[in-house]
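Spelled out, the chains give:
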Amino acid sequence: MYRYDQYDQQIVNERVAQFRDQTRRFLAGELTGDEYKPLRLQNGLYIQRYAPMLRVAVPYGLLNATQVRKLAHIARKYDRGYAHVSTRQNFQYNWPELKDVPDILEELASVEMHAIQTSGNCIRNTTTDQFAGIAPDEVFDPRPLAEIIRQWSTFHPEFALLPRKFKIAVSGTKDDRAVVQMHDIGLEFYRDAAGSLLAKVWVGGGLGRTPILGEVIEEALPWRHLLSYCEAIIRVYNRYGRRDNIYKARIKILVKSLGIAEFKRQVEAEWEHTKEGETTITQEEFDRVAQHFTAPPYATLSDSDAGFEAKRTEEKAFANWVKRNVHGHKVPGYRAVTLSLKTTGVAPGDITDAQLDTVADLADKYSFGELRTTHEQNIVLSDVALTDLYAVWQEAKAAGLATPNIGLITDIICCPGGSFCDLANAKSIPIAESIQRQFDDLDYQHDIGELELNISGCMNSCGHHHVGHIGILGVDKNDEEWYQVSIGGKQGNDASLGAVIGPSFAAEEVAGVVQRLIDVYVENRTPEERFIDTARRLGIAPFKTRVYADRQPAKKEAANV
Amino acid sequence: MSDVVSANASNLIKLKDGVGQIVADDWTWVRIPKATEEVKKQAGKVVLFKLTGDATATAEEIAATDIPAQGRVLVPLAVWLARKDELAARVAAREVGVWVETHELVEDLVASVHDINALPLIAIHVERFADGRIYSAGALLRTRYGYRNELRALGDVLRDQLFFFKRTGFDAFLIRADRSAEDALASLKDFSDPYQAAVDDKRPLWRRHVRSVTA
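Residue numbers (the numbering used here), protein chains in the order written: chain A, 1 to 561; chain B, 1001 to 1215.
Errors might be hidden in some of the hints.
Unchecked claim - Restricting the straight-line Cα-Cα distance to at most 27 Å, the calculated cross-link-like pairs of lysine-lysine (DSSO-like) are:
| id | chain 1 | residue 1 | chain 2 | residue 2 |
| --- | --- | --- | --- | --- |
| 1 | A | K248 | B | K1041 |
| 2 | A | K99 | B | K1189 |
| 3 | A | K37 | B | K1202 |
| 4 | B | K1202 | A | K165 |
| 5 | B | K1041 | A | K37 |
| 6 | B | K1202 | A | K275 |
| 7 | A | K37 | B | K1189 |
| 8 | A | K365 | A | K77 |
Everything labelled a hint here was simulated from the structure, so no lab data went into it.
Just chain A, same shape as in the assembly:
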């Protein structure tokens, strides 16, 4: 993975000093709350319902064991013994003291980490596929370019205060796992017939109040122009994006109002002036960064192992875990393993300090010291030998990290919601728990099969409910918490936004509603169909009919918001 040189280290050290002074000035009354706000937000610090929340950047989801031990130490020393993996692959702490934040940043800087631009109206953490570099279907390892984007976007002076937050995702696989179509800019790398590396550029996607899938602004951007092209897009956005209404300030609104053709014309008029400038990425710089992402010293292994097969036959629990939590790898004899942070009774994505230490140990022992966070809020050990899988499973299981539910109904994507977040309309964690309890039977979960259930506590959509096969959104109705249910959303190459099935529900009804949706699916599915396939084939009508069968239309219900 990328290691800092003296310049990278100097920048994060100078950031710590700068933020320490900004916080000192705020605490001394030299900065008002309003003046401190954009400064702390650019450093991932929110003032939340009960305490500040600090979001730590995990660039494109890549971590090493030393960093994870530091995260555990911070959870112990400055928080309440746990941390949270967010849907942007970052780590969050829910209970730090404001006065301690500069010290936390200093601890992070000591392991080449920071909280720069994890919030605020600026370019956020660039995300990518959690299987980058190891995926069997990978065309191009996007991590070097993700790192080049990270450096370019860090304290970019022209784009420090954009109309709204700005998210970039990169992908280099046939099968998109980076949800490029729901980002402000999505970059899908591929090679043309001649072998040249090009990017298909998507712009103006995003969830939130107005969910929109991105549109293609450029089909074939040569990789070396990546930064100048992004600068042209963001300059047009910075100048013309709406700042009068926070709900219309994302680039997607500008793209929609101009139309993609006119937006593209303006971007290209800008780009004409800069495209061959100094920001053009050189082969030397690409090679320098790419050297950090070379393969670990893999052993030459057979892609089958009798011991592993025997254990899988003997122990059903192990077999279930292998089926759900173990993924293909491009190197024979290796697999990627997802450690589930979705155990029933624990907030999705939460992990304790002791579990973090275990994860670091597992990485050191079995995965060349590296791991990844996923936007589904789990952790991946990227390079585990087939022969070690049984040991990894046993150790992960002992630490509560081996729930065999990856990609199943209980592997819920869920924002912190009203339990922590000041923006939320409704709580989301207890809803996730009620659904996990409803579907706690593992055989039943496996029978239902692949299903993505996503929950957001408000329109900001941090829980990606729009692209859940089943999406749940917390809404506020006369100061009561209600939940709107949608079906048919999907991430990936054939992404779609879910359709709301009807009027919303009270918290205690939600698990029952999900049960009815599942019943309709199970009764109607063909043998090869997943929930999403059946939902797409049938449309929402039969699901809606079942869910609302015994509800009176005039009953007290929240409006369909």
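Place chain B on chain A using the hints.
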């Protein structure tokens, strides 16, 4: 320099060879008298930012703007566009600068003059700290339109923007009146070697230094 003054007398910082100094301000900042301040709302909230391209002033307000007859005057773009003929002699004497709001387009200023460098001063006024359009305005004036004279930031100008201002081509900063320019000087040095290319250094870090892979 003789115009270096004590912190109490001026809140104007100018860069000389990249180093900030507090200097006297010999320009009169001309503002448009506003008859009434309208309050607009969107989504239940007071609108804090004008949209790019929104009008700044009415014809009456522009006509009513008083331009001092003597000395160096920094006039608003809307006044400049409507009344530049009456300022022609003073432009020749290099007594006229123009200030632009963040919702106005620097292109309108560029189109209004034969040579942008006939203006010894251009200022961009940022009504609110969070309005990052000012950075694009500065960068465009310096790179696209070849402006070489003083480029000043006015308005809600606080020390934590200075580093970004400097990088996007500004070389003068009028610190908000209730804050210390002396304190603000420190923030010009927040970062010593930034990553990207910008106006003040057109090379990204990787073209400035040989960066080696460290183990």
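Do the hints match the structure? See the list:
1. A distance of roughly 14 Å separates the Cα atoms of K248/A and K1041/B; the hinted pair therefore holds under the 27 Å criterion.
2. This hinted pair checks out: K99/A and K1189/B have alpha carbons roughly 24 Å apart, not beyond 27 Å.
3. Simply put, K37/A and K1202/B have alpha-carbon atoms about 31 Å apart, too far for the 27 Å limit, and the pair is violated.
4. In summary, the hint linking K1202/B to K165/A is supported, as the alpha carbons are separated by about 26 Å, within the 27 Å threshold.
5. For the given pair, K1041/B sits about 22 Å from K37/A by alpha-carbon distance, which is consistent with the 27 Å threshold.
6. The straight-line distance between the Cα atoms of K1202/B and K275/A is roughly 14 Å, inside the 27 Å bound, and the hint therefore holds.
7. As the CA atoms of K37/A and K1189/B are separated by approximately 22 Å, the hinted pair is consistent with the 27 Å bound.
8. Distance hint between K365/A and K77/A is fulfilled; the C-alpha atoms sit about 25 Å from each other, no more than 27 Å.
Consistency note: the structure conflicts with earlier hint 3 alone.
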